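A.B. asks: Listed here are the chains, written in short residue letters.
2 protein chains.
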Amino acid sequence: MKSHTKAEILKATADIVRVNGFHSTGIEELVTAAGIPKGSFYFYFKSKEDFGLQLIDHYIDGIIAWAERLQNDTSRSPLSKVRAFFDWTFTALESNDFKGGCPIGNLSMEMADVSESFRQKLEGAFAAIKERILALLKEARETGEIPDYLDIAQLCEFVVGGWQGALLQAKVMKSTAPLRAFEQIVFDRLLKGDNTGDSGREVPQGER
Amino acid sequence: MKSHTKAEILKATADIVRVNGFHSTGIEELVTAAGIPKGSFYFYFKSKEDFGLQLIDHYIDGIIAWAERLQNDTSRSPLSKVRAFFDWTFTALESNDFKGGCPIGNLSMEMADVSESFRQKLEGAFAAIKERILALLKEARETGEIPDYLDIAQLCEFVVGGWQGALLQAKVMKSTAPLRAFEQIVFDRLLKGDNTGDSGREVPQGER
Numbered sequence: 011m012k013s014h015t016k017a018e019i020l021k022a023t024a025d026i027v028r029v030n031g032f033h034s035t036g037i038e039e040l041v042t043a044a045g046i047p048k049g050s051f052y053f054y055f056k057s058k059e060d061f062g063l064q065l066i067d068h069y070i071d072g073i074i075a076w077a078e079r080l081q082n083d084t085s086r087s088p089l090s091k092v093r094a095f096f097d098w099t100f101t102a103l104e105s106n107d108f109k110g111g112c113p114i115g116n117l118s119m120e121m122a123d124v125s126e127s128f129r130q131k132l133e134g135a136f137a138a139i140k141e142r143i144l145a146l147l148k149e150a151r152e153t154g155e156i157p158d159y160l161d162i163a164q165l166c167e168f169v170v171g172g173w174q175g176a177l178l179q180a181k182v183m184k185s186t187a188p189l190r191a192f193e194q195i196v197f198d199r200l201l202k203g204d205n206t207g208d209s210g211r212e213v214p215q216g217e218r
Numbered sequence: 011m012k013s014h015t016k017a018e019i020l021k022a023t024a025d026i027v028r029v030n031g032f033h034s035t036g037i038e039e040l041v042t043a044a045g046i047p048k049g050s051f052y053f054y055f056k057s058k059e060d061f062g063l064q065l066i067d068h069y070i071d072g073i074i075a076w077a078e079r080l081q082n083d084t085s086r087s088p089l090s091k092v093r094a095f096f097d098w099t100f101t102a103l104e105s106n107d108f109k110g111g112c113p114i115g116n117l118s119m120e121m122a123d124v125s126e127s128f129r130q131k132l133e134g135a136f137a138a139i140k141e142r143i144l145a146l147l148k149e150a151r152e153t154g155e156i157p158d159y160l161d162i163a164q165l166c167e168f169v170v171g172g173w174q175g176a177l178l179q180a181k182v183m184k185s186t187a188p189l190r191a192f193e194q195i196v197f198d199r200l201l202k203g204d205n206t207g208d209s210g211r212e213v214p215q216g217e218r
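Just so you know, the protein sequences line up as chains A and B, in that order. Residues 11 to 218 in the working numbering are what the first sequence spells out, letter by letter. Residues 11 to 218 in the working numbering are what the second sequence spells out, letter by letter.
Calculated directly from the structure, the hints in this document are not laboratory data. No experiment lies behind these values; they were computed from the predicted model shown. It cannot be assumed that every hint is accurate.
[Unchecked claim] If we take Cβ atoms under 10 angstroms as the criterion, some of the chain A residues that face chain B in the derived model are:
#, residue
1, A22
2, A24
3, R28
4, N30
5, I74
6, L80
7, D83
8, Q164
9, L177
10, V182
Virtual Cβ for every residue (Gly too), placed ideally from N, Cα, C.
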């Protein structure tokens, strides 16, 4: 019962922190959203920082669960799984009117320089995502979906950065343009071997 | 005298907000950093929000000044100017032990969803950067430095996003790896026509 309730508190507060940030969200707001008395908050969390660190675990659990579902999806090629992973986050942002964005990215911008505990937790969260993306990129290399001249580890670093930047731009612009630019340039240009747009993947209209 | 002093206040407080964020930085901290009495702060700025919006102008002025210096540098090719623009920000981040990162990106993550005034100001700031990058990319297309199959407007959107994501990742990881991945994949892979690494630009070691 205890751990169930803690998970419920994290679930109920996740969106407030994602949209408003960690510093701006007060304990009052958190307990109101969770529908619990303040005492319960401190029963489950030692401090607001402790809450924040456990919230990062909550966010990353959801992201990793999606990555693993994709990994086990035998109907898709390895590279299309990578694309589907990013696309899932883009669709979520769009359907939420571009509000919020990536909670891990947001907290990184806000907290990485002001709390070493947060920085380490956030670095670990990104490392967990990169591990899954890298595994899929390696599979894609083996099946010939990624040209030989691209270094897979560097590519992984690059696409995770590009993904985060696209989410940030979309959040500021309230537009899908940065998301589409990321997907089309990475998957329809960079990761094609011949750069002609005729590699078998569909080339979106209006791109040339 | 008045405008000179306002510029000095913005200059003296710019780094605190860049590292600690807008919400976490109190007026007390700002006036202490600027060495002014609290009353002076409210003489120059109507509110903390007004200060924040003018601080974005201060940041963007510095970035645009650098972009324009590059634009007028006749010793570089258009594409190498784009690379130098990003490289300037990467070098600044590295030399600051990866602390701070891009103030416009940080404020975007923190403020875009909580204040429409900030969001509009930040969108305008990125638009000013993109305008300069796009002009250089167009020049590069004309001089044959960018392959024909890449859409220049989309490329601009993509590289600005990728740049921001690389800065975010470097800030969290305290590592140059995301910065190098961005530079090498964009300039030595994506923007080369033949993808062999032999287009005349230097290909960094250990990349293949």
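A.B. asks: For each hint, tell me whether it holds in the structure or not.
C.D. replies: How the hints compare with the structure:
Taking 10 angstroms as the C-beta cut-off, the interface hint given for A/A22 is violated, the closest approach to chain B being about 19 angstroms. Interface hint at A/A24: violated, since its Cβ lies 14 angstroms from the closest Cβ of chain B, which is beyond the 10 angstroms cut-off. Because the beta carbon of A/R28 sits about 9 angstroms from the nearest beta carbon in chain B, less than 10 angstroms, this interface hint is met. At its closest, the beta carbon of A/N30 sits 6 angstroms from a beta carbon of chain B; the interface hint therefore holds under the 10 angstroms criterion.
Taking 10 angstroms as the C-beta contact cut-off toward chain B, the hint placing A/I74 at the interface is violated, the least distance being around 17 angstroms. A distance limit of 10 angstroms between C-beta atoms decides the matter here; for A/L80 the minimum to chain B is near 21 angstroms, and the interface restraint is violated. Hint on A/D83 is violated. Least Cβ distance to chain B is approximately 26 angstroms, over the 10 angstroms limit. This hint holds: A/Q164 has a C-beta 5 angstroms from the nearest C-beta of chain B, less than the 10 angstroms allowed.
Interface hint at A/L177: satisfied, since its Cβ lies 8 angstroms from the closest Cβ of chain B, which is below the 10 angstroms cut-off. The restraint placing A/V182 at the interface with chain B holds, with a minimum CB-CB distance near 5 angstroms, inside the 10 angstroms limit.
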